[in-house]
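If you read the sequence shown in the numbering used here, its first letter stands for residue 1, the second for the next number, and so on.
Honestly, the hints are just simulated from the structure, not real lab data. Cβ coordinates follow ideal geometry from the N, Cα and C atoms, glycine included. Hints are not guaranteed to be accurate.
To be verified - Below, simulated EDC-like cross-link-like pairs (lysine to aspartate or glutamate); rule was C-alpha separation at most 20 Å, straight line:
hint	residue 1	residue 2
1	Lys107	Glu49
2	Lys107	Asp76
3	Lys22	Asp76
What the hints assert, rightly or not - Beta-carbon label-pair distances, calculated as ranges:
hint	residue 1	residue 2	range
4	Gly72	Ala51	16 to 24 Å
5	Glu69	Gly32	30 to 38 Å
6	Gly72	Ser95	17 to 25 Å
7	Ser52	Ala74	33 to 41 Å
8	Arg18	Ile82	13 to 21 Å
9	Glu30	Ser68	31 to 39 Å
10	Thr37	Ala16	14 to 22 Å
11	Glu30	Ala74	20 to 28 Å
12	Val100	Thr37	30 to 38 Å
13	Asp40	His80	18 to 26 Å
14	Pro67	Glu92	26 to 34 Å
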Amino acid sequence: MKEWQTAGATFPVRTAVRFQLKLVLHLKTEDGMIDATTRDISSNGLLFEAASLPRVGSSIEFTMNLPSEAIGWAGDVSIHCIGRIVRHQVSEQESMAAAVIDDYSLKA
Numbered sequence: 001m002k003e004w005q006t007a008g009a010t011f012p013v014r015t016a017v018r019f020q021l022k023l024v025l026h027l028k029t030e031d032g033m034i035d036a037t038t039r040d041i042s043s044n045g046l047l048f049e050a051a052s053l054p055r056v057g058s059s060i061e062f063t064m065n066l067p068s069e070a071i072g073w074a075g076d077v078s079i080h081c082i083g084r085i086v087r088h089q090v091s092e093q094e095s096m097a098a099a100v101i102d103d104y105s106l107k108a
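Hey, can you work out the whole structure from these sequences and the hints?
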């Protein structure tokens, strides 16, 4: 924990609770549409897997359909989000990107 409070620490401090949800996304990017699957989401952003990743710093737009079981509401909720890619994590097994959500609105 002490390392998180040190400037330049390798572990970022989380400012929001993360929920491990696998949701299908269709990202609208500056370079076209990308199909993706979330790994986890929070009120600030999300981590997703995709075969191709938007460039770090690029804008994205997408709608998440949150199932009622995950949020405890009577029905599913659609959230339209606008955000930007802040980092990539690529290995031989998977390609993931993290995005910050800059703006969102609930959709009926």
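The hints, checked one at a time:
Taking the CA atoms of Lys107 and Glu49, the gap is near 24 Å; set against the 20 Å cutoff, the hint is violated. Proximity of Lys107 to Asp76 is assessed by CA-CA distance (about 10 Å); at most 20 Å being required, the pair is judged to hold. Taking the CA atoms of Lys22 and Asp76, the gap is about 15 Å. The hint holds against a cut of 20 Å. The given range of 16 to 24 Å is broken by Gly72 and Ala51, whose C-beta atoms sit roughly 33 Å from each other.
As the Cβ distance of Glu69 to Gly32 is approximately 32 Å, the hint placing it in 30 to 38 Å holds. A hinted range of 17 to 25 Å is violated for the C-beta pair Gly72 and Ser95, which are about 32 Å apart. A beta carbon spacing of about 37 Å between Ser52 and Ala74 agrees with the range 33 to 41 Å that was offered as a hint. For Arg18 and Ile82, the hinted distance range of 13 to 21 Å is satisfied, since their beta carbons lie about 20 Å from each other.
For the pair Glu30 and Ser68, the supplied restraint of 31 to 39 Å holds, since their beta-carbon distance comes to about 33 Å. Separation of Thr37 from Ala16 is about 20 Å and conforms to the stated range, judged on CB atoms against 14 to 22 Å. Restraint check, Glu30 to Ala74: a C-beta distance of roughly 37 Å breaks the suggested window 20 to 28 Å. For Val100 paired with Thr37, a C-beta distance near 19 Å fails the hint of 30 to 38 Å.
Roughly 19 Å separates the CB atoms of Asp40 and His80, a value that falls within the hinted 18 to 26 Å. Our hint of 26 to 34 Å for Pro67 and Glu92 holds, since their Cβ atoms are close to 31 Å apart.
In terms of the numbered hints stated before, the structure departs from hints 1, 4, 6, 11, 12, listed from lowest to highest.
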